[in-house]
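Enquirer: Throw the hints in and build the complete structure from the sequences for me.
Here the protein sequences line up with chains A and B, keeping their order.
In terms of full-length UniProt numbering, the first sequence opens at residue 1 and continues consecutively.
In terms of full-length UniProt numbering, the second sequence opens at residue 1 and continues consecutively.
A few of these clues could be false.
Unchecked claim - Looking from chain B toward chain A, a few residues come up when the C-beta cut is under 10 Å (computed): (1) 136; (2) 191; (3) 235; (4) 524; (5) 627; (6) 676; (7) 680; (8) 754.
Hints listed in this document are in silico derivations from the structure and should not be mistaken for laboratory results.
Every value quoted in this text rests on a predicted model; they were computed, and no experiment measured them.
All C-beta atoms, glycine included, are put in the ideal place defined by N, C-alpha and C.
2 protein chains.
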Amino acid sequence: MTDTQTPQSRLPGTAVPLEPELDGVDAWWRAANYLSAGQIYLRDNPLLRRPLEPADVKARLLGHWGTTPGLNFIYAHLNRLINESGQQFLFITGPGHGGPANVANAWLEGTYSEIYSHVGLDEEGLRTLFKQFSYPGGVPSHAAPETPGSIHEGGELGYSLAHAYGAVFDNPDLIAATVIGDGEAETGPLAASWHSNSFLDPAVDGAVLPILHLNGYKIANPTVLARMPEAQLLKLLEGYGFHPHVVTVEDPAAVMAAHEDFAAALGTCLAEIRAIQEPYRTGSKLAVPADAPQAAATHERAQEHAPRWPMIVFRSPKGWTGPQTVDGKQVEGTWRAHQVPLSEVHENPEHLAQLEEWLQSYRPEELFDGAGRLRQEIAGLAPAGDARMSATPYANGGHLLRDLRLPAYADFAVETAQPGSERVSPMLNLGRYLAEIIRLNPENFRIFGPDETASNRLQEVYGVTDKVWQQRIEAVDEHLARSGRVMEVLSEHLCEGWLEGYLLTGRHGVFNCYEAFVHIVDSMFNQHAKWLKVSRELSWRQPIASLNYLLSSHVWQQDHNGFSHQDPGFIDHVVNKKADVIRVYLPPDANTLLAVAQHILGTRNRVNVVISGKQPAPVWLAPEEAKLHVKRGIGVWDFAGSEDTGPGAKPDPDVVMGCAGDVPTLETVAAAALLKEQLPELRIRVVNVVDLMRLQDSAEHPHGLSDRDFDTLFTQDRPVIFAYHGYPWLIHRLTYRRTNHGNLHVRGYKEEGTTTTPFDMAMLNQIDRFQLAIDVLDRVPSLGSTQAGFRQWLQDERERCRQYTRDEGQDPPFISGWTLEEAQRSTAD
Amino acid sequence: MTDTQTPQSRLPGTAVPLEPELDGVDAWWRAANYLSAGQIYLRDNPLLRRPLEPADVKARLLGHWGTTPGLNFIYAHLNRLINESGQQFLFITGPGHGGPANVANAWLEGTYSEIYSHVGLDEEGLRTLFKQFSYPGGVPSHAAPETPGSIHEGGELGYSLAHAYGAVFDNPDLIAATVIGDGEAETGPLAASWHSNSFLDPAVDGAVLPILHLNGYKIANPTVLARMPEAQLLKLLEGYGFHPHVVTVEDPAAVMAAHEDFAAALGTCLAEIRAIQEPYRTGSKLAVPADAPQAAATHERAQEHAPRWPMIVFRSPKGWTGPQTVDGKQVEGTWRAHQVPLSEVHENPEHLAQLEEWLQSYRPEELFDGAGRLRQEIAGLAPAGDARMSATPYANGGHLLRDLRLPAYADFAVETAQPGSERVSPMLNLGRYLAEIIRLNPENFRIFGPDETASNRLQEVYGVTDKVWQQRIEAVDEHLARSGRVMEVLSEHLCEGWLEGYLLTGRHGVFNCYEAFVHIVDSMFNQHAKWLKVSRELSWRQPIASLNYLLSSHVWQQDHNGFSHQDPGFIDHVVNKKADVIRVYLPPDANTLLAVAQHILGTRNRVNVVISGKQPAPVWLAPEEAKLHVKRGIGVWDFAGSEDTGPGAKPDPDVVMGCAGDVPTLETVAAAALLKEQLPELRIRVVNVVDLMRLQDSAEHPHGLSDRDFDTLFTQDRPVIFAYHGYPWLIHRLTYRRTNHGNLHVRGYKEEGTTTTPFDMAMLNQIDRFQLAIDVLDRVPSLGSTQAGFRQWLQDERERCRQYTRDEGQDPPFISGWTLEEAQRSTAD
Ligand SMILES: Cc1ncc(C[n+]2csc(CCOP(=O)(O)OP(=O)(O)O)c2C)c(N)n1
Ligand SMILES: Cc1ncc(C[n+]2csc(CCOP(=O)(O)OP(=O)(O)O)c2C)c(N)n1
Ligand SMILES: [Mg+2]
Ligand SMILES: [Mg+2]
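Expert: Encoded structure:
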């Protein structure tokens, strides 16, 4: 079935005679295949002690056979290698739909029963194991969180290789054996992932062993990689920087030849990996010193390229060892084997007979003893304890997790005499804090970003670390080195996938990204949030560090770019996921951002979304206040409002001005200042929201405010003008059950934008100070029509500002240089 | 700056002496570079007639210089080739941030002034051209819809190559010259796109000429492709199936050598493209007949592979011809040239002088005459009329768009004696209709899908067409051929990108996808919706066919898969975009799906999202009713409710049961039937929503219902139990302004799921018939506590159903086989 020459297809085997050992591998493989088919088909008669009857077969036949025997084959061989070499492996199942394989091997290794004691290591256990699979109230069909040894669900294809690299960063002793479906390989994220070698440091990182599972087909089609000329495929993989070892199963029946080839290839790969790593670790290849990037360029290693890591191409039949033909059509070795090769087993006696024959072909009697226990000779082939891939702590990363050492908040918070008197870039300041985190945690914290870490103003981290880069380094380069804590690649998919893999194996990290383009990983976020949701329900899964998004260059602050870069909708996407898992923070200034960062880096099993501007902006809150504000998540800002809260004060303000997000907060404070100047009697309450989930009902979200608290802040009946960072509807969605919702008027981004000034953007979306002040005039009943003149002035001011931008190409200085102090001074005059 | 050998870097030139011609190319390039730098910097003094002053320079310096000279270089050479060969080219700017280049060339070609008459072809025009760029009230910094000749905004990197292939499908006379940033090439979608050649039919499709713009850097980093060994890069590109021609600019000053090399490479590429196409078009390569897939396998061509298409690797300095060093640091040829190489031009006289020197280096006096007109010798180098890439109708696809010929709805609608008496798979039935569309429109309609077209049950289309496949075809393959109307690749990014390119160049299509995984293209959808929003505001952009998503295998109908496949959130994502652009349809049965399909295929400039199940399901509405229902978008279903609407009837029902989505509709109808049986007096109104935007306010969305209409349907004060396909909050968001919103109770997907039965999924999320009936009992005040017994029975039924799934592995037959007829029969008894 192959074409052209396959130069590496029959590798020189190792010197030792393999046969006896390989009999064991083959027995394991047969056992795993038997257990896999059993899971898909059987609800009873697990050992075929009596002739198979329709009643033994599940009512609904659900699962994916096609990929499974290949996964089992690889797994069996990895076990042999683990035993032989003592090497620690993590198994990543790209085609996660081959879940039966993962479960089967975990059972064979005993891990399954250790975790799930109701699934014993005997016939009764087997019956349970079979019946529960893809079954209501049972276990999922994929390599899900429920599956021991998995960090990768694999249902949504494309992320296996990125997860694998993330898992081995800073895990020098680990190899992630990563099975990649040839269909999966057509996806964008997977195609990008091959280049991860340009970012893998052989000194401090482990290795990834990609095993391209070239079974020729996906659901209903052949695959591109399987059908291109083999010479082209090899060029492609070499072009990706790998040394491919091809194992081709020409004849499905020649099983022992396949075992020999695969064992040899695997052995060669391990030897090559060790040969690459050794000089980096024994010091014969010097690491480039982090503090000397200039020197680095002259250094010999700077001229080197990433090592040529080995990989395996495993060309084997889809559905191997399953039914060859069904109803006269070829199944083994075709796409028809993808799911359930034999259907209608209840109604079709021929199919039933074929199923029995298929199951018997694994010779279960040779595999299990009379009590249904795996025979000792086979069970003994499992690696011991944590060396079992189903039991490795790397796949239950919370076990390995150490708390981050966090620097003192006070050392990095910005002192400020008075609200807004300092102007600081929140992201720049956070960069200092992150630098210190890196200094304190040199081995288990990384920052990931799609070529935007400096653009997002986190460049202070380069004072203590570099960007990882294994290709040539030139004299002109800055902050590039072989080792470092910052991972930059122009692929949001890779950033996300690497970070997920890093977190799932027990480390910490942050993904910094332009707000608009984080949508690129919407779907990856979904899958991770789902993973966490399920993991939280499994007592044996230890909590892992949260996935932290740091979104900047946001919708309100585009300069060089325009409409394509303006999209605050990631929040909306995120809040659909389980309330326990997700948090959204909109810190209004540098100190609150810092407090939020400190908080989230201590959390577990969550997804934290933090959105902050990068331009210098007023610091509203002094360090201690900011910390309290973040703790509360929401609060009244007396300095911004004009409520008389002294004795004899009226019970409620005339209007509440809510705000969430840095730019909306600035506009709200400025609007309130305008109103205070003109209408000193008007009682305005300014409420700032940092933790967006506070708006929700306490019944809906653990961070939600009680109705009582909400009513106290937003009143039961006063108009609320709410300026929000994102699409306005979300605020309604979060608050529609609140007493005062009928009086809530939200301004936000309404999908208007282009390349223009920040204030013009605010005006385009009617979230500017003048519009907010107009909104107040229009909604406070007691003002009646008294403020017609003021209202007109506000309208005119908008127009004047707009005209200024057209004439001068920038915002009027009284806008861009606005300070609360001056605004209040003019009020005092 | 290159390494190792660059085998193709100095290609044998064509036989003709190039020099005189290349002087023209160089002059064009200088003019384009001058105009580009002018756009970034100048607000006045456009021809440098007087010494440059700070006041001539814009206040904010915004734009991206780095990529621009390379784009201009390529553009100038393509023009030369167009003149020489008469070949039609479409220019796709992967690094769309190089917008100044596109605008500059459009102005040089005269197109800009033809479209935007206020930007004349003289000095005043130049002043306007410069000032407007990246300027408030001006034009965006990217290759936006406003930019003549562009179909690709390019702000979000990664989609250039996919757009290019989409553009040339079924456009045999077109070549899409596609500049790919070396940073862009790191993204997943771009990495996947190289394989598009496996799906390009040389007979009926045009060609793509990728030009990898290897300027070495992205924003702040070198690029992987630029820094890997060149031999590896060539292997990679050959592995992708290309024949790469490398043009390396070793010495930035050796401009004429670069021109020679590039011109030669371009000429060679065109010759290679024509050499590939010719035999397919003259009949010497026979197309595989669509109706003989078996025969195809034996056919000689089946054993062939995709042709080896040419491409160019253009290794040139980033920011070429710009300032070499600034403040002692190298800029040209580094990442420092990415945006604005010279900053603080107002304050720093040295920078100002350097800017002037830079601009003068293009010798504007040689390029423009005294009136600021482009000198005739240069202007004359532009191709004529539509051959200009800035004026090609391919980039304004609406010009080329022909209406689809749509088959008669009645011929495909399912006759049904009585609501729910037929069970039909809506998707299967739609497949028949799509097949007929394909038959009627063999050249301008395609179906795109990530290996899921059959899985989504559209396989009837294979009766009339095949899946396009240019790699080896084997005897076992079905429905694969060199030509066809179905595009299947395991990449949602490619499906989306191809379809977008296809639509933008004036054709029609559908993207069928699993509902959950369409999130993979969330961000691509964003960009397309933004493109449409802006295009609609430009009178010169002709409307294009809508982007149609057909989402199936949805959240409520997973069998082989589980939680990772359950996500109905794409709707939420979509509704954030401009109301004019987006529509969401949830047809409840086969006939409504058909009517929706017929409708959307006639629309323009929209994104239509259609979600439908694929399993056999009741047909509720007869053909004519279904058509009316879709026209209305919402309607009362008398057959399902129990309202007495005769004379003397009470004014309002006791409860409204709303539903949207096929499974929620089924559960609602079943719940109403249960209630009717037990409580014949209860007046239930069932309202089904097909067009989700009907729920919104008419002020918010053009499809929105007026308040009056909404109140009539949903009453002003009766409880409304609404069963919704997706996350329940969206229904609140759409209706929070409605009178009766306080009584609205929504059930939907609340992120609970796993591999289980359909009814168990409904129960897990409390959207099942029993729960809906309970909701009614709990919310109709007049029922008081009278129904305690019935309520308990409903609760118990839920438990019994759940237990049945645990015991039997499937839904109880009285659920899976439920029919309205029987339910009503039992009521009648
Ligand atoms: C992103 C994504 N798109 C589509 C699917 C639907 N799907 C499930 S399995 C499959 C084929 C996978 O083929 P391959 O990776 O070769 O796996 P194997 O042949 O080993 O089963 C597809 C398209 C998916 N799971 N993920
Ligand atoms: C998907 C995406 N991620 C990040 C960015 C931010 N960004 C803008 S330009 C750029 C670098 C582009 O480099 P390259 O493609 O090489 O273009 P060129 O060097 O020609 O400017 C980046 C990362 C983006 N535009 N799109
Ligand atoms: Mg496969
Ligand atoms: Mg570049």
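Enquirer: Do the numbers back the hint for residue 680(B), that is, is its least Cβ distance to chain A under 10 Å?
Expert: Interface hint status for residue 680(B): violated (34 Å vs cutoff 10 Å).
Enquirer: Using Cβ atoms only, decide whether residue 191(B) comes closer than 10 Å to chain A, and label the hint accordingly.
Expert: Holds - the Cβ of residue 191(B) comes within 10 Å of chain A, reaching about 4 Å at its closest.
Enquirer: Restraint: residue 136(B) near chain A, CB-CB cut 10 Å. Satisfied or not?
Expert: Holds, because the Cβ-Cβ distance from residue 136(B) to chain A comes to roughly 4 Å (cut-off 10 Å).
Enquirer: Holds or violated: the hint that residue 235(B) contacts chain A, with Cβ atoms closer than 10 Å.
Expert: Interface hint status for residue 235(B): holds (4 Å vs cutoff 10 Å).
Enquirer: Taking the least C-beta to C-beta distance, is residue 676(B) closer than 10 Å to chain A?
Expert: It is violated, given that the least Cβ distance between residue 676(B) and chain A is near 29 Å, above 10 Å.
Enquirer: Classify the hint on residue 754(B) as holds or violated, based on whether any CB of chain A lies nearer than 10 Å to its CB.
Expert: holds, 5 Å
Enquirer: A closest beta-carbon separation below 10 Å is what the hint needs, so does residue 524(B) meet it against chain A?
Expert: The hint holds - residue 524(B) has a Cβ within 10 Å of chain A, the shortest such distance being about 9 Å.
Enquirer: Would you settle whether the hint for residue 627(B) is holds or violated, based on the nearest Cβ-Cβ distance to chain A being less than 10 Å?
Expert: Because about 32 Å separates residue 627(B) from the closest Cβ in chain A, which is outside the 10 Å limit, the hint is violated.
In terms of the numbered hints stated before, the structure departs from hints 5, 6, 7, listed from lowest to highest.
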